[in-house]
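Asks: Top line first, the protein sequences correspond to chains A and B. Per the numbering used here, the first sequence starts with residue 1, numbered consecutively. Per the numbering used here, the second sequence starts with residue 1001, numbered consecutively.
Please keep in mind that the hints were generated in silico from the structure rather than gathered at the bench. Hints are supplied without guarantee of correctness; some may be wrong.
Among chain A residues calculated to face chain B with C-beta under 8 Å, some are [claimed, not checked]:
(1) 141
(2) 155
(3) 159
(4) 165
(5) 166
Just so you know, these numbers come straight off a predicted model, no measurement behind them. Ideal placement from N, C-alpha and C gives every residue a C-beta, glycine not left out.
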Amino acid sequence: MSEGKNVDNGVNVQALLEAREALSEMPEGAKFTWRATSDWVNGTHSHSFVEGFFGLGEEQKHIKKYDFDSDHPEIFASEDLGATPVEFVLVGLAGCLTAGIAAVAQNRDIQLKKVTATLEAPMDIQGILGMDSDVRNGFDEIKVHYEIEADADKDDIEALVAQSQKRSAVFDIVTNPTNVTVNVN
Amino acid sequence: MSRSTSTSDKNQSLHRKTGTIDVIVIGAGHAGLATSYCLQQRGIDHLVLERGEIANSWKKERWDSLTLLTPNWQSRLPGFQYEGDDQDGFMTMKQLIRFLEDYARLVNPPLNTHAEVTDVRQNGKGYEVKSKAGEWTCKALVIASGACNIPSKPKCAEALSHSITSLTPHDYRNPDQLEPGGVMIVGASATGLQLADEIQQQGHDVTIATGEHVRMPRTYRRKDIQFWLHKAGILDERYDELDDINRARKLPSPQLIGAHDPRILDLNKLTDQGARLVGRIMGIRDNQAMFSGSLKNVCALADLKMNRMLNTIDEWADENPDEVPEECKAEPKERFEATRVDDKPTITIDFKDNNIRTIIWCTGFKPDYQWLDVDTFDHKGMIRHDGGVAQSPGLYVIGLPVLRRRKSSFIHGTEDDVNDITEHLAAYLSAETATRVGASR
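Construct all of the structure, not just a fragment, from the sequences and the given hints.
Replies: Printed below as a string of structure tokens:
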């Protein structure tokens, strides 16, 4: 790794690599649990927050509580007091992939200047409206487009984006099936 | 080679179905035979225990059309090499078995065949070995029982309906054993691609489920890819110099086929022949298989990695023009078409609607260590070792992928590995003996 390059994407790769090394000795510590809490407010508007999670063998906390409002747009006869839940999925995917790009770039000594992701996910709402059982509720597909400016050639930038997908949690969550259990008290 | 002096000793140990011996080698495949050769060179007393016959896995656990992925000029073991006139050919299994039997005649190992090892445990500073041919105590143990004993399947395989025939590469011999109808090949390693290719040519509809894979052209700039990998020093890269050795050891075999007429077999070729390319299998439910939506990315990753390897080769060729054969110099630095993936690949397939009758799990292999009752495993059930030297003193493994070098995955990689390991083993035995002599004074 060339130290003279002064590549700084703001990612502490050393700490991540050390954590990986430490966790290979105690894989139990790698078991995390993520949480969110959500309250219905009114109509399609819900208020959610995240704060605590579990990892490295104990309870952990964000430095503060983060709040989110979800709702639907006015054309759905809603008040549009927040992003649509499906948009949160896109936000999560973009956040995850871009974080990965920054980390991989740091590890590969590539200075990033600009990384913009544009996401598009077509959906036929006949599914959620129950009009046609052959139409699924969710996205037909997700398209992510990256504009990246960096000190690297085209192949290296493509490799960053590919490696980021390979290591991304949200990419895995949306591309692969997950069992979901919903119960009620 | 004259071995008359040692024959009587050997026969003694063969008939002595119990006793003490310095070293036991488990397995008489290429790695076990090579180990015996090197131990004999060093005059180390040892015994080879083989569950079946010489080259047992190659005889019983391979499909009919398989050939080595390395050309004949690479077929070499300590003290032995291919000497036929088809240096660029690829050995069939029959030829390889003969090659190994010829090698066994040269090595003339102190061997017990049909001597399956049933239990090994630590006993003081040595090991107690129980086998179907007798019981021994040894100071050191070399495990050369192979990397491909048990075919691995993903967990979702359990949910497959019994109406679909489920095969592994150990069950599969040739397309004639398949019933009419579609075949789903899971995995895009050398195995997956080779089976997909021959099964499709036999007229079956083939679907191939593809996770991460290693794309590699058979020939590049008019030479076999192994020529370039060898010349550019890639095969000699050491295990302790690789970025991520755990990953390197788990990589699927490169998408190569050895054939009389060297040809490139890749996913594009299968697609051209009419195969359906889908993502990694992620689940089976209600007689439907579900595939990951990451197909484009795994193909992009494999294409990028192949191009990086070709760049390394080109850079080496530019820097070492004297070592590049004349006929390759004028050749352009060719790049291959990116893997073609449908804009929206299928993510679910119903076995019945698509008339898929057979599924073949080409999803890797595991070594079988059920008989090894020694505290030396990692949390994945693999032996913890540093380049073949296990954590447990006096315990060694040989013949595993990227054991000490990239080439360890291939037969010709055994030579350097076995030299290193028997050197370590000899030093271990001397130190042991020295301690004991010292203690008895």
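Asks: Next, verify each hint and record whether it holds.
Replies: So, going through the hints one by one against the coordinates:
no. : hint : in the structure
1   : 141  : holds, 6 Å
2   : 155  : holds, 7 Å
3   : 159  : holds, 5 Å
4   : 165  : holds, 4 Å
5   : 166  : holds, 6 Å
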